[in-house]
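Student: With the hints as constraints, model all of the structure from the sequences given.
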Amino acid sequence: MPKNSKVVKRELDDEVIESVKDLLSNEDSSDDAFKKSELMVGDQEEKDVDAEEGSDVEDERPAWNSKLQYILAQVGFSVGLGNVWRFPYLCQKNGGGAYLVPYLILLLIIGIPLFFLELAVGQRIRRGSIGVWNYISPKLGGIGFASCVVCFFVALYYNVIIGWSLFYFSQSFQHPLPWDQCPLVKNASHTFVEPECEKSSATTYYWYREALNISSSLSESGGLNWKMTICLLAAWVMVCLAMIKGIQSSGKIMYFSSLFPYVVLLCFLIRGLLLNGSVDGIRHMFTPKLEIMLEPKVWREAATQVFFALGLGFGGVIAFSSYNKRDNNCHFDAVLVSFINFFTSVLATLVVFAVLGFKANIINEKCVIQNSEKILKLLKIGNLSQDMIPHHINFSSITAEDYNLVYDIIQKVKEEEFDSLGLKSCQIEDELNKAVQGTGLAFIAFTEAMTHFPASPFWSVMFFLMLVNLGLGSMFGTIEGIITPIVDTFKVRKEILTVICCLVAFFIGLIFVQRSGNYFVTMFDDYSATLPLLIVVILENIAVTRIYGIDKFMEDLKDMLGFSPSQYYYYMWKYVSPLVLLCLLVASIVQMGLSPPGYNAWIEDKAMEEFHSYPTWGMIVCISLMVLAILPVPIVFMVRRCNLIDDSSGSLASVSYKRGRIIKEPVNLEGDNTSLIHGKSPSEVPSPNFGKNIYRKQTGSPTLDTAPNGRYGIGYLMADMPDMPESDL
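Take 1 as the starting number for the sequence shown in UniProt numbering and just add one per residue.
Incorrect hints may appear among the rest.
[To be verified] Lysine-lysine pairs mimicking DSSO-like chemistry, simulated, CA-CA at most 27 Å apart:
| id | residue 1 | residue 2 |
| --- | --- | --- |
| 1 | 380 | 414 |
| 2 | 424 | 199 |
| 3 | 424 | 366 |
| 4 | 414 | 424 |
| 5 | 289 | 186 |
| 6 | 574 | 552 |
| 7 | 606 | 186 |
| 8 | 325 | 494 |
| 9 | 245 | 199 |
| 10 | 412 | 67 |
| 11 | 377 | 606 |
| 12 | 380 | 366 |
| 13 | 325 | 552 |
| 14 | 558 | 574 |
| 15 | 494 | 67 |
| 16 | 414 | 374 |
| 17 | 377 | 199 |
| 18 | 366 | 606 |
| 19 | 93 | 325 |
| 20 | 380 | 424 |
| 21 | 424 | 374 |
| 22 | 325 | 377 |
| 23 | 325 | 606 |
| 24 | 366 | 93 |
| 25 | 297 | 366 |
| 26 | 494 | 297 |
| 27 | 606 | 227 |
| 28 | 199 | 374 |
| 29 | 424 | 93 |
| 30 | 186 | 227 |
| 31 | 186 | 414 |
| 32 | 374 | 606 |
Worth flagging that the hints you see were computed from the coordinates, not collected in a lab.
Tutor: This is the structure:
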């Protein structure tokens, strides 16, 4: 990014037409390389008009219609299914409120600063993730390819969750809802409740048996679940149609898909708070368990969720930002989107925990009734004395408090024989502390809530429509993180690439709609993105702060934004963020080494989950996912280091943008000072490095009393000096 301390003043009616002699007169006398270069300049004025009018429609770079559309797109990308599915999942798994503390700390330390960093580089360089990091240093171009691979892996299983939502949405147009009651089984003699459902619950049974028809292990594929296969196909068709024209088609959908979920969540929260026991769940959420908060695993998963929530490392943030004007206040965008995301996560978690409190209350009431009947039987057969029972206790209408009183008395009196009595402690906290129910938390918890709502089919339709909208918003950013860098780098048609990408992803995604597909979703969620994202974001931080230079980057931000960002970001980027990221990387590797990788399998006979370790082939798949995601980084580094690719072939050509037009650049980004620059018009002049630039006012451009290429510098064309370092943006 150029830094120019001189303010160039020009009159409004001053038309400047530069010749080769004019250009050479502005260069340093000691610069022999520039003198050896050649500029083929034609009728500049005529070609300026062509560049402005954009006769080649295909060379136009899309732009957001408005700032609101851009903000909604970033919010839609960051606020997704993870806020309803993953964030509450991790909250319950890591001790409720104990998880909120490290999440908020990490959001301030690494989330907002790195989100701001990605917005800034994307907006300034106006390229996808491959072009951005290739532009800073060609040896680090693999960062962008790694981001694309991670985006592809995540898109594979993320769209499966949208397919699940579509299935529940299609089943919501009936009353009563199909998950309202346990199904009845008839035989020759009598009718009885399905045992698997009776041991669990109606919503749990519907999720595992009716929706997923899940197998008992990862190795038992069970064939395709055709209902989910059709839903997955529908999900990919929706994504393809929305993305086929890029942001020009997906941007318009954001107005509904980004705002509608908030209306539904607020309505669900109000209704949820009226449910019995909801306060217990919310209290559990806001009660931090300090002993859990100190575990490295909690911080590791909180950091991973920050990446998932804000889309760090995916490339989608960079892609969306690259369609902005260079003088957009991306600092404001970073803070705004980050806190909207956090607010949405807390709102969704409040709803989930209110429902979990309600469910815990229902289960606790069943527990009290069942164990009270056991006590009555023990009293009848004489195993327990009637004198133990307080006189005010009425077992026909016993409360949870009275049962706990009786339970404590029996435990003290029958200390040695107590275990043989088979009595259980019915505590709501015990239910809330139980292991989370995997990826189906939102489906089980919310579906349970909706059975108790008036006009439950209406609420069910609204809720699953909200899930589809949340998922699509995130998928747009994820697919954009794949499509934009490839289009920028390899100059392929976006429409064709989008269709091919969606077709390939659908066929690979068929592994997720087998009966064992839910276990593969867990595998990809745990291993395809967690470690690779950490490594990608660490390399992004190093690329900007160490290779490009943090001081130069801060000056560039001041030049671009019109004000100096807080020094807080300087110290976060240079010292704190990379240190925290490295610690989290080490902690993640150690955690993986200490705990055997595995998954929670649903056991039909027991109607509960059991932890299973991955088989040998499953471990190979897990390791392969991590290796494949990060492999582009060393490959591109070695290719660039050893000059294994002939740059003249143009296979790895890069692109820059000027006022929405594409400028094809020479692929020799290492900087060959003796190379010749050929251009037929100003719009085609290659400019791989912004350095000591010569600025020329465009025809019809207004006079701006400001530094070239600063806050208003995008109104100038640049002919660049070829002697600047490769890392100068």
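Student: Hint by hint, note whether the structure agrees.
Tutor: Evaluated hints:
{"no.": "1", "hint": "380 <-> 414", "in the structure": "holds (17 Å)"}
{"no.": "2", "hint": "424 <-> 199", "in the structure": "holds (16 Å)"}
{"no.": "3", "hint": "424 <-> 366", "in the structure": "holds (12 Å)"}
{"no.": "4", "hint": "414 <-> 424", "in the structure": "holds (14 Å)"}
{"no.": "5", "hint": "289 <-> 186", "in the structure": "violated (47 Å)"}
{"no.": "6", "hint": "574 <-> 552", "in the structure": "holds (12 Å)"}
{"no.": "7", "hint": "606 <-> 186", "in the structure": "holds (21 Å)"}
{"no.": "8", "hint": "325 <-> 494", "in the structure": "holds (22 Å)"}
{"no.": "9", "hint": "245 <-> 199", "in the structure": "violated (50 Å)"}
{"no.": "10", "hint": "412 <-> 67", "in the structure": "violated (67 Å)"}
{"no.": "11", "hint": "377 <-> 606", "in the structure": "holds (25 Å)"}
{"no.": "12", "hint": "380 <-> 366", "in the structure": "holds (22 Å)"}
{"no.": "13", "hint": "325 <-> 552", "in the structure": "holds (21 Å)"}
{"no.": "14", "hint": "558 <-> 574", "in the structure": "holds (17 Å)"}
{"no.": "15", "hint": "494 <-> 67", "in the structure": "holds (24 Å)"}
{"no.": "16", "hint": "414 <-> 374", "in the structure": "holds (15 Å)"}
{"no.": "17", "hint": "377 <-> 199", "in the structure": "holds (22 Å)"}
{"no.": "18", "hint": "366 <-> 606", "in the structure": "holds (18 Å)"}
{"no.": "19", "hint": "93 <-> 325", "in the structure": "violated (42 Å)"}
{"no.": "20", "hint": "380 <-> 424", "in the structure": "holds (19 Å)"}
{"no.": "21", "hint": "424 <-> 374", "in the structure": "holds (10 Å)"}
{"no.": "22", "hint": "325 <-> 377", "in the structure": "violated (77 Å)"}
{"no.": "23", "hint": "325 <-> 606", "in the structure": "violated (59 Å)"}
{"no.": "24", "hint": "366 <-> 93", "in the structure": "holds (24 Å)"}
{"no.": "25", "hint": "297 <-> 366", "in the structure": "violated (34 Å)"}
{"no.": "26", "hint": "494 <-> 297", "in the structure": "violated (41 Å)"}
{"no.": "27", "hint": "606 <-> 227", "in the structure": "holds (25 Å)"}
{"no.": "28", "hint": "199 <-> 374", "in the structure": "holds (18 Å)"}
{"no.": "29", "hint": "424 <-> 93", "in the structure": "holds (23 Å)"}
{"no.": "30", "hint": "186 <-> 227", "in the structure": "holds (25 Å)"}
{"no.": "31", "hint": "186 <-> 414", "in the structure": "violated (43 Å)"}
{"no.": "32", "hint": "374 <-> 606", "in the structure": "holds (21 Å)"}
In summary, the structure is inconsistent with hints 5, 9, 10, 19, 22, 23, 25, 26, 31 from the numbered list given earlier, while agreeing with the others.
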